[in-house]
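> Kindly produce the complete structure, drawing on both the sequences and the hints.
Spelled out, the chains give:
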Amino acid sequence: MVQKLEQVETQTKKEEYLLEVKGLKKYFDVTEGLFKKERQYLRAVDNIDFFVRQGETLGIVGESGCGKSTTGNLIMQLLDKTEGEIIFEGVDLSKLKGEALRKKRAEIQMIFQDPFSSLNPRMRVFDIIAEPLKTHGVAKGKELENQVYELMDVVGLDRSYARRYPHEFSGGQRQRIGIARAIALKPKLIICDEPVSALDVSIQSQILNLMSKLQKEFQLTYIFIAHGLPAVKHISDRVAVMYLGKIVEITTKEKLFDQPLHPYTEGLLAAVPIPDPTLRDQKHRIIIEGDMPSPANPPSGCRFHTRCPYAQDKCRSEEPSLIEEKPDHFVACHFPLEKGHGVLIEK
Amino acid sequence: GCSGGTTTDESTDSKTTDSEQKGTDTKADGEVDRTLTVAVGSDMVSFDIHNHNNTSTEAIHVNMFNYLFKKDANGEIYPELVEEYNTIDDLTIEMKLKEGVTFHNGDPLTSEDVKYTLERVATDDTLREYPNYKQIKEVQVIDELTFRVVTHAPEPSLLHRLSRLGSGILPKNYIEENGFDHFLSNPVGTGPYQFKEWVRDDRITLVPYDNYFEGKVEEWDEVVFRVIPENSTRVSELLTGGVDIAVNIPPADWDRVNSNEGTSIVQEISNRVIMLIVRSTEGLPTADVRVRQALDYAIDDGTLANVVLKGGAVPTTTMVGPGNFGHNPDLYETYNYDVEKAKALLEEAGYADGFEITLQAPRGRYLQDAEVAEMIAGMLAAINVKVNVEFLEWSNFVEMRNANENKELYLLGLGNSMFDGAYSVDWYRAERMAGHTDYKNDRIEELLAASASNMNPEEREKQIQEISAIAAEEAPFIKLYQEKINIGVSDKIDFVPTSDEMINAKNIKRK
Amino acid sequence: MSVNTETQNQNQVVSSVEKKQTTNGFVRWMRLLLKSKTGTFGLIIVLAVILVAIFAKYLAPYDPNMINPAAMLKPPFWLEGGSMEHILGTDNLGRDILSRIIYGSQVSLAVGLAAVALAGVIGVFVGLVAGYYGGFIDNVLMRLVDSFLAIPTILFALVILSIFGPSVTTLIVVLGITNWVQYARLVRGEVLSIKEREFVKAAKSIGVRDNKIILKHLLPNVISPFIVISTLSVATTIILEASLSFLGLGIQPPTISWGGILSDGRDYIATSWWLATFPGLAITITVLAIIFLGDWLRDVLDPRSAK
Amino acid sequence: MGKYLIRRLLQVIPVLFIISFVVFCLVFVAGDPVALMLPEDASQEDIELLRESLGLNEPFHIQYFTYMLGLVQLDFGDSFRYNQSALPIVLERLPATLELAIAAMIIAIVIAIPFGIWSATKKNSPVDFLATGGAVLWKAMPNFWLGIMLILLFSVTLGWFPVSGRGDLSHLVLPAITLGTGIAAEMTRLIRSSMLEILNQDYIRTAKSKGIRNFFVINKHAFRNALIPVVTITALQTSTLVGGTLVTETVFSWPGLGQLLIQAVNTRDMAIVQASVFVIAFIVILMNLIADILYKILDPRIKY
Amino acid sequence: MTEALLEVKDLKTYFHTENGVVPSVDGVSFSIKKGETIAVVGESGSGKSVTSLSIMGLVGSPGKIVDGKILFEGKDLTTISNRDMRKLRGNEIAMIFQEPLTSLNPLFTVGNQISESIKLHQKASKEEAKVKSIEMLRKVGIPRPEKVYSSYPHMLSGGMRQRVMIAMALSCNPKLLIADEPTTALDVTIQAQILQLMRNLIHENDTSIMLITHDLGVVAEMVDTVIVMYAGQVVEYTDVYTIFKEPKHPYTKGLLDSTPKIHELKDELQSIEGTVPAPGTITKGCRFQTRCPLATSKCFSEEPELKEIRPNHQVRCWLHEEGEVAI
Ligand SMILES: Nc1ncnc2c1ncn2[C@@H]1O[C@H](COP(=O)(O)OP(=O)(O)OP(=O)(O)O)[C@@H](O)[C@H]1O
Ligand SMILES: Nc1ncnc2c1ncn2[C@@H]1O[C@H](COP(=O)(O)OP(=O)(O)OP(=O)(O)O)[C@@H](O)[C@H]1O
Ligand SMILES: [Mg+2]
Ligand SMILES: [Mg+2]
Ligand code: NI
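Residue numbers (this note's numbering), protein chains in the order written: chain A, 1 to 347; chain B, 1 to 511; chain C, 1 to 307; chain D, 1 to 304; chain E, 1 to 327.
Calculated from the structure, these hints are not laboratory results. Just so you know, even glycine gets a beta-carbon here, dropped at the ideal spot from N, CA and C. Any given hint might turn out to be false.
Below, in silico cross-link-like pairs of lysine-lysine (BS3-like), each with a Cα-Cα straight-line distance of 25 Å or less [said to hold, decoys possible]: (1) E:Lys-126 x D:Lys-220; (2) E:Lys-87 x E:Lys-147; (3) C:Lys-204 x A:Lys-22; (4) C:Lys-204 x A:Lys-186; (5) E:Lys-139 x E:Lys-119.
Which chain A residues face chain C? A few, computed with CB under 7 Å, are given here [as the list claims (entries may be wrong)]: (6) Leu-78; (7) Phe-112; (8) Asp-114; (9) Leu-119; (10) Asn-120.
Structure below.
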């Protein structure tokens, strides 16, 4: 483990990353009862490392409950980490307190999954979008008004909607409000926690397109969390695959989708149904059996071994660490796939 | 077992058999109903006869305990447990107990019991009745049945004291053997009825004592006192036959009780006089005797007694009612009412334009107290006196009195369980009322001092009567009326209430 | 396709679809109100009672405390012996019952409203603080709430009133301090769930200060369940005041309250029923109206019925 | 389960502690009952004497200390009125109050469940209107008024039930109805809304999709679920219920805690007040605890 | 055409809400043959669930079938008695719902809920029902079915719960299985498991399936025929290959284009602009008019009919009025 960390460090020394996460852990205390001597922990995020370069999009995928949102919340400082470092532009965010943290927050923003619940139902659109600007004293009065209207233009909301309440909008429009709020302070990093999964199919693409457009326009960096693999693939530059609180594979999307090294990634890709009936029978079906184990009581060794079709004895006892198996292709597996089945990509 | 069973029986019976059966109220199986049920307004407090001062509690106790002396309807004192008695000197009386009196547990009544009882209440200052008996120094046992009561100082009202609850005789041996707590839950007396059961806030059940010294009372197999605090419920119980006697019927319901077939209201004058206590403190308009008189003249006691209380009261200008030692009949069944004169008096006193005063009154303590207070306010308005009526919940009212926070007037009813007028007129004593009414009259002071230890009854009576007369004139208190007790009674029984408000089952007969 | 055309396109749709829905709040309320018969009834009665209370002086035919020995226990006008002079009859001191009921509305409403307002202020504050900060503060406050909840309101009121003496002020204060727990609990519960909603996270991630979050994000969102509960609470308070009067610790005359008239009249229920029946009706109808109003508010304030 | 219980019971301690403190303070400011204990014609010396002998001249902290010392031994001091230890007097009344409260609860449940279910399943029908309307009307009536009216109607006029007192079942009917119908009103509305919510749940649809008869869908699948919130809220109502006994017991001269308390309050018999408040608080807390446990039994989703 | 198991003809299901009548399903017709798997796609609110609930006779108030016929083996389900309908429900026609957690009663054991319909429809005794239930659980691939039999729903994972739902639905060998978004609440790997399971079942029992989804991937992998719904109407109805290769309705086309595909790389996704109109808001013309890139003036004035442009391919669009047009 120690060795591995050093490796990563020497690797990354050359580059300055916008965000670097090192050895991040979040254990939730789920001890029950008063007098239990042994505390029980749910390891929602268990020692993960990754980095995000300026201007890129890092996708994080994985099944429900694997710790994606927790990771996002940890970076946002909405949760207190158990261990590890979250270095944003050279500053460890988790060490900041009070006013300093509040200031720093302007630079990282979040877009939430549920456009319904992420907007205060009792605030008008104008006030929702203006809130970050007011809070950080960016603008006042007329200037504030102008900025808010500009933001509405940018995300494609009619200015006449400014005095409406969230419930008067459709899901897609609400998500646009959320995006306007997130970009209001011109943040450097935006964490998107499943921003489209609550939206209608035909609306999803509108939002994805909008996000791509804004990224180009404002040089934004995204961490894009989702479990819809196609969307992640569409928007990301690099993709991290999480399983049970761990990152099992992280690389560029081309490499990942073309030739996954981790059996879980392979299974995940195979599970995505392809909207083309002609490929029905050509598709390589690998069905990962069984359910995801509980993060409160994860399996020994490699956490995937209980469901892995290729598992061997070593996997049961020894935990693999995330190593750079191929250039810029990190994987945590004792026996990375030689010829992993990716998805057929039509060129 | 409970009265409810009887209740329904009675009510169905009363419709069919009513009067021709003449009281032989039969149960379904033909047996005569020999249960007397009395509805009282509040529960008995305790069986410690020395440690309460609650008339309704005593009203129940009288069935279980005998006193050394008793008073008859005219207030004459006669011996009850005592056979004969002689005054030895100003401080000592010798008495002899009747023979053959036994407690409910079989023990005979002896002088030792009397000594135990009287000395307990005369020496234990935590007992509520202690102030009324602390005058007794000791009881000397002469023999089995003979004893002497010795007082600290000459005590003209000793016999009055010995004819009330404090002299109910306790069984010494029983208590010493079993402890007082045992006595409280299994009380034993010498009276005609003995204890059967007490369910707090519900009922007290008594049964006849076979060896009662005057002979077993055959009339009732069981006497039940039921506690029913809510007036309308008590009335309803009476109307439905659930109870035979219901005390304290509010005037609103008299017609209902009387017009109902099988029930009626019986009344008797109580020993409680309702009056306005006036503050005569310097600086207040009421310090002026003419103002006090004016107020007295402005209030129409007759209307209060006859209209507001619907005749449930007798107007009076004295606190010492009939049947009390020192009663002055000239001052009774009369009142001052003359609005013109009242106005003149006010003018004379320089208050032609009137003034504003406060009348404090309790609510629900006395018969129609709130209505009376409001009526008085209305009456005084006629002579330009604006009265602000301030009602106080009873405990606050008591607090107000104790803290001497009384304003110009407050409404109070004073009873006199001693039936000795000396107790009533003591309220005019300047020292006692300092800071409260601040009334002082030198002649009254003189008379009070003289009567306190005057062992000559005739002289003492004159002295008390004179005090009453002065007070009627000077109006340190404005006496309004003497309350009547109003009891609803089933026509099936014969019940004559007494002004001491006792309910002696022994004297109640089936018709 | 550019973003801008996209928007325009969308605007069209939205404006055609949503025009109907974006009418202003008042109109929406009135629409909802008229749709609900009980709500209309409630509002009208409550408004009427409030007006009666305010203009009691002009509406009451008599001085409510004026005693008239000549006209005692007169029945209402439609009964034999009654007259139009005293429409609802007179009481045992010849006071006009209608006038007393009109004046009684003042105290009954004032006590109801003021007590609830007081309780609301304390309760909402405590609930917000306990819910938002959680942990130790929450624990302490909630134990306090538990303690208060374990003592029946009427009992608590009874003890305090008997100690301090029943006046309008004490009654308000007493009912206020016994009722706040209910709001504290309600608000805390709401806050706990709202706190987890993403918009609060969003506010935090923007860097909004705690006090702002409480005031701007939490408070407005707990206010509508609060309003609903407190309307109902006004109703219960009016009844509670009557019960306290029955137990002898209600508002004392000469101040008039419905509870007071009702409980004074109870000795006459069998003989002169109008003494207790009219104030009883006044209470019942008002309380009924308030409950209906509360139910209606529950619907109106629920954004789900916002259509 | 055991641990959960212990934790819940431990939580009761600070609550009881707070209650005892509040009650003590009230009693302290209440001043002394001495004057009330003596007759109207008692003199100032008599009052002083009694006060001294009852130890009421001590300062606050000493009195509190004495009080707490007694409290841990469950001794609330002696009732001034009864000259007896307060707690036994209170406990002696408890059965009567419990009898009334339980009977009222049963009546409430018996009325509320069918009406609640009925009006939920026939939403907006005349039945629904009657049930909810009736519930609201009932809630709007002061308890004592209802009690007196019931006596006049059913006892005095019709002679069906005894007027007052405690005894066989017939005595219980009117007071239990007085107390129970008020609770029933609340409960009907609660069951109705709870049922309405449940009937919209997906699993009800599932049950219907299996072809189960409507009757069973409602009474098996829906009602049990609807019961869960009802249980908790019913427990919360214990406090209201006990409060209601104060009035009802007075109207019907029911020899329970309520009457005792009212008299104790009126006579400033603070030992009794303290003991009763404590006992009532304890019962309320206990009921909530039971509800919690019941909740967990009814709902298998909740773990200890 | 082989005999249809289910035939829906011009079904109209309206909701009478406080804000007026909502025509959730407005003239839907289609049929399902024996052994056929048919998909109903369309976005949220397009009336997919209401259509299926109408078939089951479970549209609760304020909803009502106002018109149309639902013929199941020739019987019109809209007119038969409640009793007869109950006999069909769970027995001949079974349904699986979207949310496996909320669709199981939390207070009853899994076994209780499965055996309930077995007892009801097969008149089985308690023991028999238990045996059968456990067998069903085993059949849907649940390990240790005896244990799961006595578990409560919350003790199972999402995938397990959905298997339980399937076991429940299949316990009486229904002729028609309606699956309303059976996998949307599940993770991809679990979804794959469930889809595999359903595929196997189709093979074994020759059950007809009506699969409701908005995931075109699932459609492509599972079904024979596709119905595309938009705003309460069928806009396109044909076999699965045609839909993906030659969609004829602009909405279908937009839907296909805007779905990010894992096997393709694109810089920008196509998207359908605007939002789905609330049902009933468009009263004139084509319901897709507000979002259609190809809309003509006719589309705003006249409502198109569902027209068979070639055998087994029906489209509701003016574009193909004069004959098939490539889009
Ligand atoms: N506050 C919390 N207390 C205890 N456990 C938590 C808490 N928040 C999250 N968890 C647990 O941590 C694990 C990871 O949760 P997380 O929300 O990060 O998952 P996720 O990958 O975002 O899943 P999804 O795709 O469903 O959003 C889950 O098992 C979850 O139950
Ligand atoms: N109970 C109801 N009351 C009023 N309208 C309803 C009701 N149920 C459904 N609707 C309306 O019917 C329309 C169709 O709903 P339906 O549930 O069939 O959509 P769906 O296609 O299944 O969507 P989803 O993909 O979200 O499940 C929606 O617009 C909805 O608003
Ligand atoms: Mg998440
Ligand atoms: Mg649906
Ligand atoms: Ni009886």
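> Starting from the hint list further up, note which numbers the structure goes against and sort them upward.
The structure breaks only hint 2.
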